[in-house]
Amino acid sequence: MVTEITIPKLGLTMEEAKLVKWSFDMGRTVAAKQMVALIETDKVSFEIVSPVKGLVYPVVPAGTMVLVAQIIGYIATDEAELAILQKEHPVDAGVIVEQSEDKPGGKLDKTAPAATDTAGSKVGERIIASPLARRMAKDHDLDLAKIPGTGPGGRIVEADIQKILAAPTQAAPAPISKAPAPEESEFALTVAEEIPIQGIRKVIFQNMHLSLNTQAQLTLQTEVSAKGMQDFRNRINNILDPDETKISYNAIMIKAVALALRQHPRVNSSVDGEMIKVWKQIHVGAAMDVGKGLIVPKIRNADTKSIMTIAKEMGQLVDKAKQNTLSLDELQGGTFTITNLGAWGIDHFTPIVNFPESAILGLGRIVEKPWVKNSEVVVEPRIALSLTFDHRIIDGAPGAMFLKTLTRMIEEPLLML
Amino acid sequence: MKERIISASAALAEALHEEMTRDKSIFIIGEDLAVHEGIFGQFKGLPKSFPGRIIDAPISESAIAGVGLGSALTGMRPIVDMHFSDFVTCCMDELCNQAAKIRYMSGGQVKVPMVLWCPDGAGLRAAAQHSQSLEAWFVHTPGLKVVVPSEPVDVKGLIKSALRDDNPVMFFQHKQLFAKKGPVPEEPYLIPLGQAAVKREGKDVSLLCYGSSYYLCQAAADVLADLNIEAEIVDLRTLKPLDMETVAQSIRKTNRAVVVHEACLTGGYGAELAARIQEELFDYLDAPIKRVAARDVPIPFSPGLEDYCLPKVSDVVAAVQAVTYK
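Sequence order for the protein chains is L and H. Numbering-wise (the working numbering), the first sequence opens with residue 1 and increments by one. Numbering-wise (the working numbering), the second sequence opens with residue 1 and increments by one.
Hint data in this document are derived by calculation from the structure and do not stem from the laboratory. Some hints here could point you the wrong way.
[To be verified] Once the Cα atoms are required to be at most 25 Å apart in a straight line, the calculated DSS-like pairs of lysine-lysine come out as:
1) L:Lys138 with H:Lys44
2) H:Lys203 with H:Lys44
3) L:Lys163 with H:Lys2
4) L:Lys320 with L:Lys227
5) H:Lys101 with H:Lys160
6) L:Lys146 with H:Lys326
7) H:Lys2 with H:Lys199
8) L:Lys163 with H:Lys203
9) L:Lys163 with H:Lys180
10) L:Lys9 with L:Lys202
11) L:Lys138 with H:Lys253
[As the list claims (entries may be wrong)] Derived, one-sided and incomplete: chain H residues facing chain L with beta-carbon distance under 7 Å:
12) Phe84
13) Phe87
14) Cys90
15) Met92
16) Asn255
17) Glu280
18) Asp283
Just so it is clear, CB atoms sit at the ideal spot from N, CA and C, and this is done for glycine as well.
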């Protein structure tokens, strides 16, 4: 029996994804639960695994935008079924599979067609642009194929051209210069690598810009003793069974932040039009670097969960992030974010709010330092905290009070009880 | 120039006084004119000032239009009062087959300096046979000129020009606009046929309108201003001949056009205008041309349904938002 390979719905709002690559050529054998294709949404990369063992029959070429529930290929049980598939869904086998770039031993396959190139998606299709936009593009030697359209159905309209003209130095939609190229100077820069801005990177681009462009961000920094937290963590981890998840500093911090948010609900809010919306739920995200860029999986209702539960969920999210199997729902809808640069020896920094949230806490490393206590210099583990918040919503003093509540719990974790 | 605030009816009566005093060949023929002085008060004072030149006729539009045509051919300048524009159906042959064509068919030997005066439009709960806006029929008839004024100042200036024109002119005045007041200069003046007016300047969209839709567009432009959209209002005033140059100037500036009329959508003047615009101004358009018009149904008698069928301020606003992508 032929098995269909369809695009899964990874989140409530997901409608489409990019089929990044096929793992197998046509007719190759895939094992059950082995990755057969990689897709990418705006937020997440996801490996589609084959539910059965069989022969892969890709239909949709890599690089194509595909819809949720769309059939992108089939798994045939034997050669006979494969032959039937070839008759029923004729495709040019050579065109479809793009060799994975990061596959060990796999060479970069430059013979792969241009189908994977995003700009190429418009090749052969008519570009939808208003007559005025067309004339303006012509007058200014702009290539319409490189200009994103914001009108209905992606129509390129006057405003889109104006945007390009207002920022002529922006890289993507560079004018096609008809003039001869300027003479190459010996100091001219040469490109070592061109990295397309897409997928997670594109989302980071947009969100960072949106965040700093929209909010009035202020960062407060302080430093607290990590002694209490260290002792607390060691005590718990010492009594855990070997098969139980050890609790991390991040798990303790998530819990502490969630409880502090409960006391300072204004920090747990977003701006929506003319309204500040204070959220009932407290969903704390933890920023992680998974190599391609930052992603922020969430611990839902962190204020209601025990540290042990949080630690366990964090562990699962990290595993999923590493395996690229995080769902969109696990990445969306946070109300506060924690980011930790301690592992890289950073103390204070100025984190950028994870838009549309209103605040983010940056954690530094835990490091032993001389500290004056009761007129005595003592050696104490210290941790730096950097709280960035949207100063439009949260005034300086309330922001500082939130930080104060938090630092007290870090210094004395018993306050979390 | 000194101005007063007067109604459209008063502006019309004043224009007719001036013209009838100036030109003895002008007379008015229609139903119940002398006694009523016009059902909208538009001929106030005229029967007394010009005895014998305001002629009541039997109820036969065919006969009335025929008299108008015949007298025009013999050198008079008649104003033929249709009472309600809907009744033109009873004299279509006189108008469209005779008056519109005879100057051409006679090789210019005769001319027809006649004004067909037609109160039109809906909103008076007058039902399907007394609420139409029929201007498009006559725009589609070569040989006729078509004028649809909005403000009192236009009514006066345009009726005077219509009376001095040597061709048959269909002069449509919306029934709900007779009582509308506005500034009118005290000094005599003319507004040439075929000259549109930019009555509000804006950079984001051109609202092309005439007659009652002018007021609709003014109200919509106020709403749009709050949305940070600056609408330019072009009151066409004359539909034929059309002042395409003023329309083009506006669209070259705004790059977007919405045509608004009270007549029903299909085959309406908006269709003609949209066609001209796309043909002549294609490269200036940033969005498809939108039309706001009445629904394609006979105007209902029920007040609720009548209001539902007629174009509203919100329809104009929505159309503008669509073409400005806002």
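Hint-by-hint comparison with the structure:
no.	hint	result
1	L:Lys138 with H:Lys44	violated, 60 Å
2	H:Lys203 with H:Lys44	violated, 42 Å
3	L:Lys163 with H:Lys2	violated, 48 Å
4	L:Lys320 with L:Lys227	violated, 32 Å
5	H:Lys101 with H:Lys160	holds, 23 Å
6	L:Lys146 with H:Lys326	holds, 23 Å
7	H:Lys2 with H:Lys199	holds, 19 Å
8	L:Lys163 with H:Lys203	holds, 18 Å
9	L:Lys163 with H:Lys180	violated, 45 Å
10	L:Lys9 with L:Lys202	holds, 21 Å
11	L:Lys138 with H:Lys253	holds, 19 Å
12	Phe84	violated, 42 Å
13	Phe87	violated, 43 Å
14	Cys90	violated, 45 Å
15	Met92	violated, 39 Å
16	Asn255	holds, 5 Å
17	Glu280	violated, 12 Å
18	Asp283	holds, 4 Å
When each numbered hint is compared with the structure, violations occur for hints 1, 2, 3, 4, 9, 12, 13, 14, 15, 17.
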